[in-house]
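*Asks:* The chain contents come next:
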Amino acid sequence: MAAVTTTTPTTLRQRRFPFGRAAAWTVMGLIVLITLLPFYWILRTALSTNAGLSADPTNPLPVDLTTSGFERALGLQSAEEAVAQGGAGGGLDFWRYLLNSVLVSTLITGCQIFFSAMAAYAFSRLRWRGRDKVFGLFLAGMMVPAIFTLLPNFVLIKQLHLIDTLLGIALPTMFMTPFAVFFLRQFFMNIPKEVEEAALLDGAGKIKIFFRVVLPMASTPIITLAVLTYITSWNDYFWPLMVSYSDSSRVLTVALAVFRAQTPQTGVDWSGLMAATLIAALPMLVLFACFARRIVSSIGFTGIK
Amino acid sequence: MTIASSSPPSRLPTGGAAEASSTTGTRQGVSGEDRGDGRLAALFIAPALLGFLVFLLWPTLRGIYLSFTRFNLLTPAEWVGLDNYVRMVNDPIFWDSLWVTVEYVVINIGVQTVAALTIAVLLQRLTQSAMLRGIVLTPYLMSNVVAGLVWLWLLDTQLGIGNEIISGLGVDRIPFLADETWAIPTIALINVWRHVGYTALLLFAGLQAIPNDMYEAARVDGASEWRMFWRITMPLLRPVLAVVLIMTVIGSFQVFDTVAVTTAGGPANATNVLQYYIYGSAFGRFQFGYASAMSVALLIVLSAITVLQYRLTRAGRTDLG
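Listed in order, the protein sequences are those of chains U and R. Here our numbering is used: position 246 in the first sequence is 249, and no number is missing along the way. Here our numbering is used: position 113 in the second sequence is 143, and no number is missing along the way.
The hints are simulated quantities; they were obtained by calculation from the structure and are not laboratory data. Just so you know, these numbers come straight off a predicted model, no measurement behind them. Beta carbons are placed, not taken as given, at the ideal position from N, Cα and C, and that holds for glycine. Do not take every clue at face value.
The list that follows gives simulated cross-link-like pairs (lysine to any residue, SDA-like), each with its CA atoms no further than 25 Å apart [stated by the list, open to error]:
hint, chain 1, residue 1, chain 2, residue 2
1, U, Lys161, R, Leu103
2, U, Lys209, R, Arg100
3, U, Lys136, R, Leu329
4, U, Lys161, R, Leu79
5, U, Lys136, R, Leu104
6, U, Lys161, R, Phe316
7, U, Lys161, R, Leu104
Okay, the calculated bits of chain R under chain U, using three or more residues with CB under 8 Å as the criterion [to be verified]:
hint, stretch
8, 80-90
9, 113-124
10, 134-141
11, 168-178
12, 204-217
13, 221-229
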């Protein structure tokens, strides 16, 4: 750090100070603008009519304020109505896809976190032969990019006759991810031995300790991990695209792509598409709003230390 | 997905240390009267181990096996030796898509790293506002599909606000996603928009480890922010930066979603990234064997990057002291 001691004339420092700060705030402001403006534009577009959008593309406010975009996305309009307003009339039902997304993400998150926590407990708090070897195997599993297992997993899901089912979408990530096991093990290891010993003296078994001591004490990282897992599975596209073929298992991400592909001859139904996009994105925004502080600081936790 | 695929490498060193301490724990157990919890452990580990073996280990081995077969899903896989690999090496579309992917990764990672570093430093040096950190993370909550569709609209040649502004400035409209030269950089930047906040927060976490008095001492000595960045921040952040860089590169190589919803590989294969080509081979042409061979090629590229990562992190750690 010898270089740090190099001095700069004080006059220069005084002159630069407010100027540099102003410039830095300008850059920060620009970043916030680029980050948030697209969200406003989604809303503005979703509340406009398609005719209005082509007539007045630069209007910062919704053109011909309407909710017909949302009605189209939620399947509340008849096909004729939809086509008249620039939609495809393809009869997509986003209520259903919303439900499918909720079911899949809840199933994945609930099971994955619980099973991973169980495994993490066995890896951190129980003594058994071969523990370190099995853990090493899990560790090696993190080296395989998720994308590599998709094709063979598709073949497997097909052999299990679970194609086009919600269970088929959930199954591969339902039991664990090496990361979840790893992440939770870190926290379980930090729980002081004395707490566990005190519970043992009180006559609690190891299973009871897991439910009554370990899980509650690690509730903060568990909730953080759960929220992030929920967001990840909600946003997943590639795997559901392979597995899902019909309405019965279509999740929001896949439905959006289908909506986009159904472009009517008059041009893309931007109003309906942006309304659908908002429906798909809103639950995660709300979830984030509830847990923002925790998630933001957790990235410090889970990231590099 | 990103947090799952991103954080593991960084945690490995800690895991190693933890493992070392757990072995000493076992040794104590052997010398003490503790008999171990074999049966209970088996119960606790069973679901995760089942998932690991069935949906991770088995598909990995099967994926490698399938790459040596001809397989169309309907009839059993037929062993064809190295045929798929020979075909791959002679397939100009494969090389083309590998090249397109590399081009994407270079633009995506180049811009994203500089932008994330800027944001992280601003969040550290300018303000410690948690709200700003939250705002910066918002696009990461969107799926790639949503991000792709929104920018498809913003950049639409006829009606998109982006092109309205451009033509308002008197410049010709740019068909961002419909033009062979513009498409890949555009997709790369869309994904920067979605991921930059997350990357910035990872770097920000690394910056938090740098003691504040270093900056204060430097300021007393009259160093400018610019100088402090190069003399304090960069050298001390280097190991963290190396890890973040490699793991974002690995994520970047797997680009698929954004391409699928914006350009579908077009125009004229200009955005036919490797993962998209693999998907098309498997689900469009039912050549699961050939698709598996290309997946193995991608796996090898990514493994090489992981090895590189270990080299860099080791080097980085000695650097930190």
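*Asks:* Against each hint, give a clear statement of whether it holds in the structure.
*Replies:* Evaluation of the provided hints:
Only pairs whose Cα atoms come within 25 Å are accepted, and Lys161 (chain U) paired with Leu103 (chain R) is accepted, the gap being roughly 9 Å. A C-alpha spacing of about 50 Å is found between Lys209 (chain U) and Arg100 (chain R), which places the hinted pair above 25 Å, so the restraint is violated. Between Lys136 (chain U) and Leu329 (chain R) the CA atoms are separated by roughly 24 Å; this keeps the pair inside 25 Å, and the hint holds. For the proposed pair Lys161 (chain U) and Leu79 (chain R), the alpha carbon gap of about 22 Å is at most 25 Å, so the pair holds.
Annotation: proposed proximity of Lys136 (chain U) to Leu104 (chain R) is violated, straight-line Cα distance about 38 Å (limit 25 Å). Taking the CA atoms of Lys161 (chain U) and Phe316 (chain R), the gap is about 14 Å. The hint holds against a cut of 25 Å. For a cut-off of 25 Å, the pair hint linking Lys161 (chain U) to Leu104 (chain R) stands: about 11 Å separates their Cα positions. Using a Cβ-Cβ cut-off of 8 Å, 10 residues of the stretch 80-90 of chain R lie near chain U, which meets the minimum of three, so the contact claim holds.
Evaluation of the coverage hint for the stretch 113-124 of chain R: breached, as 0 residues show C-beta separations to chain U shorter than 8 Å, against a requirement of three. Counting residues of the stretch 134-141 of chain R whose CB falls under 8 Å from any CB of chain U gives 0; the rule of at least 3 is not met. Beta-carbon proximity to chain U at under 8 Å applies to 8 residues in the stretch 168-178 of chain R; the threshold of 3 is reached and the given coverage holds. Only when three residues or more bring their CB closer than 8 Å to a CB of chain U does the claim for the stretch 204-217 of chain R stand; here the count is 0, and the claim is violated.
For the stretch 221-229 of chain R, the stated coverage by chain U is satisfied: 3 residues place a CB nearer than 8 Å to a CB of that chain, which reaches the threshold of 3.
Violated hints, listed in ascending order, are 2, 5, 9, 10 and 12; each of the other numbered hints is respected by the structure.
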